[in-house]
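Q: If you want the building blocks of each chain, they are given just below.
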Amino acid sequence: MPGTTLDEYRHKVITDPVHGDIGLSQLEVDLINTQSFQRLRRLKQLGLASLVYPAASHSRFAHSLGVFHIMSRAIDLLRRRRKFSNAEQRTLRVAALLHDIGHYPYSHLLEYIDLDPQRPALMKGEKHKLGSPYPDHEKLGELIVTQRRDIASKLQKAKLDPGEVAHIVRGTHALRKYNQLIHSTLDLDRMDYLARDALSTGVPFGRVDLHYLLSNLDIDAEDNLVVHQKAGTAVEHFIVARYFMSKAVYLHKTVFGFESLMRQTLLLLRRAGRLWKDGKEIEQIVRHPTKFLSFDDGFVDGLIHRRAEAADGGSPLGRLCRAIRDRKPPKLLLEVSSLTSKDANRSEELVRFVTRRREKLAEAAKRCDIPKECWLSEDPKKISFEQLGPFMTLTEAASAPPDEASELVRLVDENGRTSPLIENKSSIVHHLSRLRFHMARLYVVEDDPSKVSKARQEVESWLKP
Amino acid sequence: MNASQIVLKLVLDKLGQPLEIDTFEKRFMIQKKIYLAQLTGLDLGYRFGWYLRGPYCRELTYDVYRTVELMELRDEDYQKKELSSRAVRLASKAREIWDNRPNEISESDWLELLASLHFLKHIAYWPGGTPQDFDGIFKGLVVSKPRFKGRKAHARKAWEHLDRIGLLKRKVLPPT
Numbered sequence: 001m002p003g004t005t006l007d008e009y010r011h012k013v014i015t016d017p018v019h020g021d022i023g024l025s026q027l028e029v030d031l032i033n034t035q036s037f038q039r040l041r042r043l044k045q046l047g048l049a050s051l052v053y054p055a056a057s058h059s060r061f062a063h064s065l066g067v068f069h070i071m072s073r074a075i076d077l078l079r080r081r082r083k084f085s086n087a088e089q090r091t092l093r094v095a096a097l098l099h100d101i102g103h104y105p106y107s108h109l110l111e112y113i114d115l116d117p118q119r120p121a122l123m124k125g126e127k128h129k130l131g132s133p134y135p136d137h138e139k140l141g142e143l144i145v146t147q148r149r150d151i152a153s154k155l156q157k158a159k160l161d162p163g164e165v166a167h168i169v170r171g172t173h174a175l176r177k178y179n180q181l182i183h184s185t186l187d188l189d190r191m192d193y194l195a196r197d198a199l200s201t202g203v204p205f206g207r208v209d210l211h212y213l214l215s216n217l218d219i220d221a222e223d224n225l226v227v228h229q230k231a232g233t234a235v236e237h238f239i240v241a242r243y244f245m246s247k248a249v250y251l252h253k254t255v256f257g258f259e260s261l262m263r264q265t266l267l268l269l270r271r272a273g274r275l276w277k278d279g280k281e282i283e284q285i286v287r288h289p290t291k292f293l294s295f296d297d298g299f300v301d302g303l304i305h306r307r308a309e310a311a312d313g314g315s316p317l318g319r320l321c322r323a324i325r326d327r328k329p330p331k332l333l334l335e336v337s338s339l340t341s342k343d344a345n346r347s348e349e350l351v352r353f354v355t356r357r358r359e360k361l362a363e364a365a366k367r368c369d370i371p372k373e374c375w376l377s378e379d380p381k382k383i384s385f386e387q388l389g390p391f392m393t394l395t396e397a398a399s400a401p402p403d404e405a406s407e408l409v410r411l412v413d414e415n416g417r418t419s420p421l422i423e424n425k426s427s428i429v430h431h432l433s434r435l436r437f438h439m440a441r442l443y444v445v446e447d448d449p450s451k452v453s454k455a456r457q458e459v460e461s462w463l464k465p
Numbered sequence: 466m467n468a469s470q471i472v473l474k475l476v477l478d479k480l481g482q483p484l485e486i487d488t489f490e491k492r493f494m495i496q497k498k499i500y501l502a503q504l505t506g507l508d509l510g511y512r513f514g515w516y517l518r519g520p521y522c523r524e525l526t527y528d529v530y531r532t533v534e535l536m537e538l539r540d541e542d543y544q545k546k547e548l549s550s551r552a553v554r555l556a557s558k559a560r561e562i563w564d565n566r567p568n569e570i571s572e573s574d575w576l577e578l579l580a581s582l583h584f585l586k587h588i589a590y591w592p593g594g595t596p597q598d599f600d601g602i603f604k605g606l607v608v609s610k611p612r613f614k615g616r617k618a619h620a621r622k623a624w625e626h627l628d629r630i631g632l633l634k635r636k637v638l639p640p641t
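Residue numbers (the working numbering), protein chains in the order written: chain A, 1 to 465; chain B, 466 to 641.
Bound conformation, chain A alone (with noise of 0.2 Å):
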């Protein structure tokens, strides 16, 4: 049937190895093909993973693809149940293919760098002046759409306004059902990373149902996007999936290892006066006809590689670029982790080393002679079984309210009535909520085998009571 909605969305078909075809407009097609948006194609979704799983090197630009899949099938159950009209369905879609276009190079680990040096300003006797803080990646995501060419022009020929749809990609758009569904009650965007994620590493855990929860996808009376009971178990697998692949894959020790010494180089190439001065240039860019088009992984590659072959390569800025051009991990010196009841007190080891770690770590730097911007402390985000806001489990996400439980699951049984899966009590999910994990590792990059042994033989010592 020529003219339906159907056909409109149909207008091209990208085959995609995780959800199969994804069917685009004309206009989503457009915008797909500018510039600005094809720059997503060269920022690396699992950022350094790919040292780890070599073929983890799938790009934003497939994810984005993915998630905007997943909520444009949101987007047409909402509009068939007469919440949204065409018009509305056509700009919902839009945003959410949008809504990931302003990632920085290597995503958070750069957007966030910049907040370190940053909050100092605001501290007495503080050194660092530096000028307006890097901007987030939503609001750079506001600045393409409204202010570069390629993205506006193509909106604005086909009738939407590109403010508006920088204010739903931003959650500032005054109706906030609009916004609520970009930034979706149940995590769209995750839905598509783990399963993106588990194929491209081949760590089995991520391998959800993801057809099956799509299929049942439904909307209560509240506009909240829900699951039909029926998939509670499917649910309940993405969500204990996720726990598994962040040990696995997330949390991995040479993954994250790199992932904090990318962290550490990024924060001193700043320091250094090798990155973008501030937020102000970082925006200029973003608005620059040809300069944004190098905002890549790649500009940030070449900044490393000129560092580690620059004359000063002795350094500890050199010496970390080196790290990660040659792919030489971080040495994990020690990780303490624990998985405890919410309620139990927290493991004594657990509080020892990273007391101790604070407290010792500069004079283990010169007992062992290792630069101290080469130990590298991490204290990975706590895991939960359900996200409610970071850190929250499942048990305080009961009682939590509408804002802060913007991200629960919840189920809707025959008679159309909804309750988060937490409070299910046939749930393992409920059960589980009652514990947590904590970890706290350091890292030191090092080469001399003999000054690693003594910095673990250090740092080991610290857990004696």
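Rather than coming from a laboratory, the hints here were simulated on the basis of the structure.
Take these hints with a grain of salt, some might be off.
[To be verified] In the DSS-like style, the derived pairs of lysine-lysine whose C-alpha atoms are separated by at most 30 Å in a straight line are:
| id | chain 1 | residue 1 | chain 2 | residue 2 |
| --- | --- | --- | --- | --- |
| 1 | A | K157 | A | K139 |
| 2 | B | K636 | A | K124 |
| 3 | A | K177 | B | K636 |
[Claimed, not checked] If you only want the chain A side, here are some residues facing chain B, beta carbon under 10 Å, derived:
| id | residue |
| --- | --- |
| 4 | Q38 |
| 5 | K124 |
| 6 | D136 |
| 7 | D161 |
| 8 | I219 |
| 9 | L293 |
| 10 | T355 |
| 11 | A440 |
We put the beta carbon where it would ideally sit given N, CA and C, even for glycine.
Mind docking chain B on chain A? Use the hints.
A: Just chain B, lined up with the frame of chain A:
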């Protein structure tokens, strides 16, 4: 603690808001006070979206939980640091934003109204353009927050207060 967490803790101390997260009320107060405090020019880098209970920032929630976690791990680095005199001045100025609360409005409602009206006036996107008067903004407020439907008088007081302190004409207060 990293610099962000130290600054957050020190700023909350200056705002007279305990860094406690055991109830929704306390977490809510932190969200709204940081939103309003940033309007003085004390930019902590948090950017807010439009949620059911007004401006809300996930990154702030993340930092709050993380900082509490570190304090529980006896990380007391913040005790060795002080805010700059400018930051202290702006934090005092921030308290003036929510001072003079009418007795009949609870503190959490007052903060929610101030933050929400400011957000709708200066930050939110309105199809067809941002309404310029109170009635137009209030109409949008109750679409997102039906619980304020019968409380137009309270909302008007918050609106007038924003006007008195200069936050209707300007998105942020002028530097002092």
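Q: Each of the hints needs a verdict: does it hold here or not?
A: Now the hints, each set against the structure:
1. A C-alpha spacing of about 23 Å is found between K157/A and K139/A, which places the hinted pair at or below 30 Å, so the restraint holds.
2. A distance of roughly 27 Å separates the Cα atoms of K636/B and K124/A; the hinted pair therefore holds under the 30 Å criterion.
3. The suggested pairing of K177/A with K636/B holds, with an alpha-carbon distance near 24 Å, which does not exceed 30 Å.
4. For Q38/A, the shortest C-beta to C-beta distance to chain B is roughly 27 Å, which exceeds 10 Å, and the interface hint is violated.
5. Look at K124/A: its Cβ gets to within about 4 Å of chain B, closer than 10 Å, so that hint holds up.
6. Interface restraint check: D136/A against chain B, minimum CB-CB distance 5 Å, threshold 10 Å, status holds.
7. About 8 Å separates the beta-carbon of D161/A from the nearest beta-carbon of chain B, less than 10 Å, and the hint is met.
8. For I219/A, the interface hint is violated, since its Cβ never comes within 10 Å of a Cβ in chain B; the closest pair sits about 16 Å apart.
9. Checking L293/A against chain B by beta carbon gives a least distance of about 25 Å; that is not within 10 Å, so the hint is violated.
10. Hint status for T355/A: holds, given a least beta-carbon distance of 5 Å to chain B, under 10 Å.
11. At about 9 Å, the closest approach between the beta carbon of A440/A and any beta carbon in chain B falls short of 10 Å, and the interface hint on this residue holds.
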